[in-house]
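Trainee: The whole structure should be built from the sequences, with the hints applied where relevant.
Residue numbers (my numbering), protein chains in the order written: chain P, 1 to 188; chain H, 189 to 376; chain V, 377 to 564; chain D, 565 to 752; chain E, 753 to 940; chain A, 941 to 1128.
Keep in mind the hints are simulated off the structure, nothing from the lab.
Certain hints may be false.
As the list claims (entries may be wrong) - One side of the interface only, derived from the structure: several residues of chain P facing chain H at Cβ under 10 Å:
#	residue
1	D44
2	F84
3	D152
Note that beta-carbon positions come from the ideal geometry of N, C-alpha and C, so glycine has one too.
Number of protein chains: 6
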Amino acid sequence: MSSPVMALDLPPLAELSPETEAYFQKCRDKLGLVPNVLTAYAFDEAKLAGFIAMYNELMLAPSGLTKLEREMIAVAVSAVNHCFYCLAAHGAAVRTLSQDPAFGEMIAMNYRAAPLAPRQREMLDFAVKLSETPDRIGEADRTALRNAGFSDRDIWDIAATAAFFNMSNRMAAAVDMRPNDAYHALAR
Amino acid sequence: MSSPVMALDLPPLAELSPETEAYFQKCRDKLGLVPNVLTAYAFDEAKLAGFIAMYNELMLAPSGLTKLEREMIAVAVSAVNHCFYCLAAHGAAVRTLSQDPAFGEMIAMNYRAAPLAPRQREMLDFAVKLSETPDRIGEADRTALRNAGFSDRDIWDIAATAAFFNMSNRMAAAVDMRPNDAYHALAR
Amino acid sequence: MSSPVMALDLPPLAELSPETEAYFQKCRDKLGLVPNVLTAYAFDEAKLAGFIAMYNELMLAPSGLTKLEREMIAVAVSAVNHCFYCLAAHGAAVRTLSQDPAFGEMIAMNYRAAPLAPRQREMLDFAVKLSETPDRIGEADRTALRNAGFSDRDIWDIAATAAFFNMSNRMAAAVDMRPNDAYHALAR
Amino acid sequence: MSSPVMALDLPPLAELSPETEAYFQKCRDKLGLVPNVLTAYAFDEAKLAGFIAMYNELMLAPSGLTKLEREMIAVAVSAVNHCFYCLAAHGAAVRTLSQDPAFGEMIAMNYRAAPLAPRQREMLDFAVKLSETPDRIGEADRTALRNAGFSDRDIWDIAATAAFFNMSNRMAAAVDMRPNDAYHALAR
Amino acid sequence: MSSPVMALDLPPLAELSPETEAYFQKCRDKLGLVPNVLTAYAFDEAKLAGFIAMYNELMLAPSGLTKLEREMIAVAVSAVNHCFYCLAAHGAAVRTLSQDPAFGEMIAMNYRAAPLAPRQREMLDFAVKLSETPDRIGEADRTALRNAGFSDRDIWDIAATAAFFNMSNRMAAAVDMRPNDAYHALAR
Amino acid sequence: MSSPVMALDLPPLAELSPETEAYFQKCRDKLGLVPNVLTAYAFDEAKLAGFIAMYNELMLAPSGLTKLEREMIAVAVSAVNHCFYCLAAHGAAVRTLSQDPAFGEMIAMNYRAAPLAPRQREMLDFAVKLSETPDRIGEADRTALRNAGFSDRDIWDIAATAAFFNMSNRMAAAVDMRPNDAYHALAR
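Mentor: See below:
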């Protein structure tokens, strides 16, 4: 926390709630760090709590999508938006979960260059189209996902993950959020 | 609730929690309706709760931005993304809060055609640039907001509101969310 | 005519020709107003006459397209160009002719969200593609219209209407034309 | 008139009005040809008359813009829209009026590569911005024209010419209008 | 060589190598001129030699593509990039090789308006897509070329020619390279 | 060389010239590998030699730009074009030459997020504008480089490097060139 995590002068609260402290400790135990996005939100407990709740529900709760698939969506969307923070943090997650560093690089650089199963190609095509031209998504796009084996609940989860990172990418860009240094070397 | 609120077959839970029922009742009392976006999320209590918490924190909690300004950001961003749901729902909010139907139309159609105070023009220029080309936002853009009188906390709120509607617009597009009919006639 | 109808200092002629006066009176009788676009052109009788002749031929003369369909094209094209004047004026016309305010809103906000008959969807897809990427229109696009039941004369009319509003939208933008206030409340 | 002038099966009327015949004869006398765009419109006298009236008012009537300047706008706009018909016909006009074939090529290929007087550079920058992003034209753009010496009436004429070719380019694209062969060799 | 061939102050070497002089003489003999691009590179023998070697290998060496087809690719790509230098020089080549000035104009203005054999349409569609959105080229695009009769070696040549002009167009734009005047009148 | 280096069936020559073999051996000695791009070109000695000559002249010959600066241009341009091959290979080069893995990631993901000296920011802004909209490069852009301390020769080198990777990125995309696996772990 020595160098600033963002370009706005909104330092973390001097005293965080016990729940937040416990959550940050859990991050340190599991990841070895508190993601800088959380430190950025920590100027306001309510905003931080809202972000954590939505994030965990999307990325960690039960879903027809694997955790790796959700991270692939995060990275493919972040590549559309050229988000340095999210490509660093979630690129690391794809490398870790896939145990395939080159695969992580492909998703971050151009998912179309990756050797994807048809199901996953459809999933990322949908996520990227939703990011680039949301007004052109239509029934045909949902049908393509259903034909690739996704349920309506899965479609919700693909959409919600892609939509969330379109928010998060912009939040990071707006305040120049800096990723933790540790991400870069992870799972290389 | 007779015609479907979205294109996915994810009906609301047959039985909602007492907290959710109370919240929906509060909506009916204050707005005369339960916004369809809430009905859409109501297939899952946790997702619904996460959405409501983040939404209310952004749009209703204390902020250096007025509620009207936050709604103006919602509408200008939704115009970039051509989001029918959000333009209908938040266009109504701008008309209601500004008591100026023509002003609401301008923000929804082309905010650059609206007679805006310099502060609000900077605010919407930032929100729209963040929506269209997030990777090009830089210190100069934040400086322009500071020069227009916004604090760093205000900048966070502008960014967070614009980012949120970039999520919400895409969620609505992905599932073809339909706005409540009542919005169209509101505050005309 | 008290507040200016555009940003250029080109006031209407002090004395209009009897033909123009008669036409303006006809507008007042039928619409309750003289559309501001006519007031804007009224600094020059020849330019005004040329505009009125082409406009009436396109929008009112016999055609395989209904008047509502022609107004739908006007609005869908104006949404591409984010033209405040034309969305206000022709949005009102779609609401009036369709007697369906929500339908008018959809065409103005994102025609892809509207429940269109296949014929009308093809018509608007053609008009919007012609607006966005005219150089990519080809025989396949004309064939799609023919397959949807349009004659070659109908195709001309679709093209001419879409092309006209690509002119009119830019004229309105260039001089910051302001729509009559009355449009906003019409047929809500 | 042996090979078709467009892709629609809308042949010219078997018998044209005496006025139209006289006008076509005037074209043959002055230009050595009847421009194919007129032949295309000649399936309907009213539409043809409307097109000719507006075209002549714009391109030939008195104006603060020279005829060459109006043709330069026509060509720069047609380059944005990649309109084969208009680049052929109006490119020939720029070559003829400027007596500088290389200059005509530059305007047709990339007007930014042409050695333009500041006045004409501003004029074409405005025309091209109006063509590409009409919703972003604002007071600053009109001020730039005024600073370059244009009157408000001149601004109208620049706007009207640019707007007209945004219509005409799309009409030509929609029906695959073919330019007269003679244009290609003119003023080389 | 009296007027400058580019906007950078990098004059040709006072003394060129005998090989370069011989090559320039060959150009004068065959084309009647030394192309200005060579004069521009002539400030450095190594850079000039590298450019000539790659250019000649691409445009003149044996290939499944005719020389005209390679020039068509050069022009269609240069139209995407609005490159005045390359459209002038290679437009002349297409006119000369095809002996059809109107055809050369079509490729320079909008290749989609040209009456192309299916093989050549596929070839140019590939070259233009590769220019506009290289990250979206995939196996389906290569398959389309194979189905149109191209071998894998032909595909390499199409790609290499299109890629080369994406370089050359940008080099010309960056230094404002001016084409030799003689090109404009060639093969009209 | 066991898995294919590209999607075209153009295997390397069974027997390479002694010069090429020597060059490949030099690559193995210095880099520990023969870059797959060379293997891809090795189906034809003349094309391979042309590529190597131009590449080495650009990236290794004396220049006012450091080797790191040239690699930064390579990566920033490849990010515009989302080129997996070049981002992998030249991203590794930026990490190696800068000895700063996080810096390499920034240039690959969004160079605007990197803490660049003004000189280098101008350099990359020029390279990226030249990649995205070459037709809009003008004297003002060259002036900005001169003001940042670049000579005309430096400007040539910036332009030539950026232009080259616009070629190379497209070649890689067109044939689906695969980077050597070793790049991914380099200098992490």
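Trainee: If a hint holds in the structure, say so; if it does not, say that too.
Mentor: Now for the hints, and whether the structure bears them out:
1. At about 9 Å, the closest approach between the beta carbon of D44 (chain P) and any beta carbon in chain H falls short of 10 Å, and the interface hint on this residue holds.
2. A distance limit of 10 Å between C-beta atoms decides the matter here; for F84 (chain P) the minimum to chain H is near 9 Å, and the interface restraint holds.
3. Hint status for D152 (chain P): holds, given a least beta-carbon distance of 4 Å to chain H, under 10 Å.
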